[in-house]
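Colleague: Here is what each chain is made of, one letter per residue.
Number of protein chains: 2
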Amino acid sequence: MRERTWPLETLKKYLVIPSVSAQGTGIKEACRFLKTLFTSLGLTAKVIDCGGNPICYAELIVNKKLPTILFYNHYDVQPPEPLEKWISPPFKPTVRGGKLFARGSSDNKGNLIARIAAVKSFLDTCPTVRPDEPFGRGHPRQNDSVGLAVRREGEKPPVNVKFVVDGEEEIGSPTLPRFISKYREMIKADMCIWESGGRDEKDNPDLALGCKGICHAELVARGAKDDLHSSKGVIVKNPAWRLIWALNSLKDSNENILIDGFYNRVRKPGSLDRKTIAKFMFYEKEKKKEWGINSFLAGLTGLKLKERFFYEPALNIDGLTSGYQGKGHKTVLPKQASAKIDFRLVPDMTPKDVLNRLRKHLDRYGFSDIEIHDFRGYPPARTPLTSPYVNIISKAQERVYKKPVMVEPLFAASGPMYLFTPLMPCFSLGVGYSGSSIHAPNENIRLTDYWMGIECIKEIMNELAMPAGR
Amino acid sequence: MRERTWPLETLKKYLVIPSVSAQGTGIKEACRFLKTLFTSLGLTAKVIDCGGNPICYAELIVNKKLPTILFYNHYDVQPPEPLEKWISPPFKPTVRGGKLFARGSSDNKGNLIARIAAVKSFLDTCPTVRPDEPFGRGHPRQNDSVGLAVRREGEKPPVNVKFVVDGEEEIGSPTLPRFISKYREMIKADMCIWESGGRDEKDNPDLALGCKGICHAELVARGAKDDLHSSKGVIVKNPAWRLIWALNSLKDSNENILIDGFYNRVRKPGSLDRKTIAKFMFYEKEKKKEWGINSFLAGLTGLKLKERFFYEPALNIDGLTSGYQGKGHKTVLPKQASAKIDFRLVPDMTPKDVLNRLRKHLDRYGFSDIEIHDFRGYPPARTPLTSPYVNIISKAQERVYKKPVMVEPLFAASGPMYLFTPLMPCFSLGVGYSGSSIHAPNENIRLTDYWMGIECIKEIMNELAMPAGR
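Which chain is which? The protein sequence lines are V and X, in order.
Note that this note's numbering numbers the first sequence so that position 198 is 198, with each residue one more than the last.
Note that this note's numbering numbers the second sequence so that position 470 is 470, with each residue one more than the last.
Accuracy of the hints is not assured; some may be wrong.
Same chains, same names: a pair is fine if it fits in one copy or spans any two.
In silico DSBU-like links for lysine-lysine, alpha-carbon gap of 35 Å or less [said to hold, decoys possible]: (1) Lys275 x Lys28; (2) Lys327 x Lys28; (3) Lys275 x Lys327; (4) Lys28 x Lys304; (5) Lys288 x Lys225; (6) Lys182 x Lys327; (7) Lys327 x Lys288; (8) Lys327 x Lys360; (9) Lys285 x Lys360; (10) Lys289 x Lys360; (11) Lys85 x Lys28; (12) Lys327 x Lys287; (13) Lys360 x Lys304.
FYI, nobody ran anything at the bench for these hints, they're computed from the structure.
Chain V on its own, in the form it takes in the complex (with noise of 0.2 Å):
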């Protein structure tokens, strides 16, 4: 029975830790938590030490001429914060209606413990993976035989694995390129399964194949030495002002980023890829609805909206800080405001460059004053749609969730694969759904999807086992 409920008590042990690379909380325990974990399956496993939050790597190699999966995870979560807004606490995994609720459940904590599941599988004596209700009552796959686990119970894994747990993905990832370099031998493979990923709205399930880049970075403006009596705003610069016109002179309010040659790298989407967003499922009324919006920026819909989730950079702002915020009013003139702010970046935009602008622009416009703090970021990265291995991913997902993959060619979030996509295709799949909440209170994942995640990871490895033209 232990054996049995395997994959969902190992998630929410982990996912009790609260591993936030933001504020530093829960890393070593992580570590430690993944480590233990893979070694009691047999895996080799070290916590590698590159300068930042360590990078757990285990590894099973099988046999040298099988082909090797590299999956790529993290094992950092996002600020849980705003607390208030959670229906039970973030680091308490809780089970609500199918739902399991918790910081990190869907990014990536789930995905994860699902891959390690999948290939625990291989390596138990018994079926391990299949729960007592794995797809809940009236489902099409409830009388089925169940995974792998029942069928090929006790077989080894029929391909190689490696495990690389970043632990500062949701912090930019800054200590990766130092490990990648140093290690690019040890994590050779013929490809990456990328972190995450889910099902949309009508159930079907994503298969991406690229992610936008980002850079992050917080915009500073001083004033007095003090914050002063608001009456003194009169003579005495403000600096929530200056920062206010800095922004505003980023980017207009029809969305255009008005920092030069912001856009000279954007490489225009071509006609394969136009193709595959066009039979891309962009649920526009179910979107709407989930996130309480009335419509998308600038009024898009259809192949336009889509052009622009993919294919275009963006410049968000994550917070704004200054002054008095408490209730009521306090007339103060603020010593300091401060803006966070993130571009996602699109094919062949470098944080680098951004950053050059960016600093150029506020000086052009008259905002040396606006200091840049902070700033880190990574590239876009692309596998390209041409990749023999989107057949054979999406041929495995559509068998366990009959249903048509919808093949993204780029992710609109970011993560570090730039660092991957040169020494392997990079495929980002997972348990996630629409609701999965990331980043965001109350972040979920269905248990069935998780179920069926695991048992898609299984299919996957089968299949690039299988002699090619099979």
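Chain V is already provided as a structure; the job is to place chain X on it using the hints.
Modeller: Here is chain X on its own, set in the frame of chain V:
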């Protein structure tokens, strides 16, 4: 001994009360304290409820034929945040280096107790106001006879006195209009000593004849129903951007307020105004050093700077709030963004007109989605520079301070003086100084100013009692 330290000990007891109107704390306690205090000295005192925080009223009618002074003060104080910036806790009055630190020490509790102490000195049969070292070592008056308590001990006050102590000054005195209209007869007086004031960088005492008006508001922009992952910012409205663009439309980076007709009612300074501010010493170098700034807005200096300070309206940002404000970075598309703003108004602007124009402006420039919350405020007020009391009061100040009096036609800060100027001339002076840090951390007064402030009120009372043309 206990008697001689009365003004300081009483003030300390008053400062302990955290009567923050914006946060609704300590209100009842402050009223109770004041009523007990006034009553114990033989004044008639009442706590009057007009719907909001009660107003404490007290009076001592010596003889109906004598002139009457009305003192306007307020028992509420600004929020103490940011708490971590206070060297000693804001509600634990602490003397360091001849200064008394506490929220409200300058604005406005020190002034009220100084005024009560002046009245008390006339009532006492022994010297009560003279402290052990009233002016400190090296002060020019150290060896003088100290004030009226010595010279006129046991005398009844030479004028009638009335006290109105507001409980909502720091939140715009919303209830005071009702009080004034109901108790117009009761508060009748020949002139009003307004709440506060002090001494400038060279220790010259100031005398202000008016207040700028003020309106507060909170501007709120809303986006999706919850915080979303920031990757969605490329297709979903970001309320932080909406707020930035809306604020930017209100004021350009040359500090011009762009609201149509905003300056229409601004009364230009006349020749007596110009003469008065020409005499007014504005210690630019000292102010820049104290505030930690390199220059004033738009590089203004001299008369132009003073004109701007006294005669121009302003639009200040008091606070900005949106999204993630914690440590590090969180890639979030915030569901809401808000700005606390205040307008400073000069004659003959009105809050109602400003609100109308603000709403019209936002609508006209495409910001109908920006909500205006919690709009309130009051118009500016002025006592004519030609009032005969200007001379009477400044003579009294000069006798106490041995320094020229700096007459300010209009105080840059705000207060509900507009309710009183139609009834009687109002004059603002007090126990603060240029380093008082009102509305900021480490608010304080110098004890020497406190003792001299008490004496100054006594001099004014005596001066007023003299037959004209003395």
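Colleague: Taking the hints in turn, state whether each one holds.
Modeller: Hints, verified against the model:
no., hint, verdict
1, Lys275 x Lys28, "neither (45 Å within a copy, 71 Å between copies)"
2, Lys327 x Lys28, "between (38 Å within a copy, 19 Å between copies)"
3, Lys275 x Lys327, "neither (52 Å within a copy, 42 Å between copies)"
4, Lys28 x Lys304, "neither (45 Å within a copy, 61 Å between copies)"
5, Lys288 x Lys225, "between (45 Å within a copy, 10 Å between copies)"
6, Lys182 x Lys327, "between (52 Å within a copy, 30 Å between copies)"
7, Lys327 x Lys288, "both (32 Å within a copy, 31 Å between copies)"
8, Lys327 x Lys360, "between (38 Å within a copy, 27 Å between copies)"
9, Lys285 x Lys360, "between (41 Å within a copy, 33 Å between copies)"
10, Lys289 x Lys360, "between (40 Å within a copy, 31 Å between copies)"
11, Lys85 x Lys28, "both (27 Å within a copy, 33 Å between copies)"
12, Lys327 x Lys287, "both (34 Å within a copy, 30 Å between copies)"
13, Lys360 x Lys304, "both (31 Å within a copy, 33 Å between copies)"
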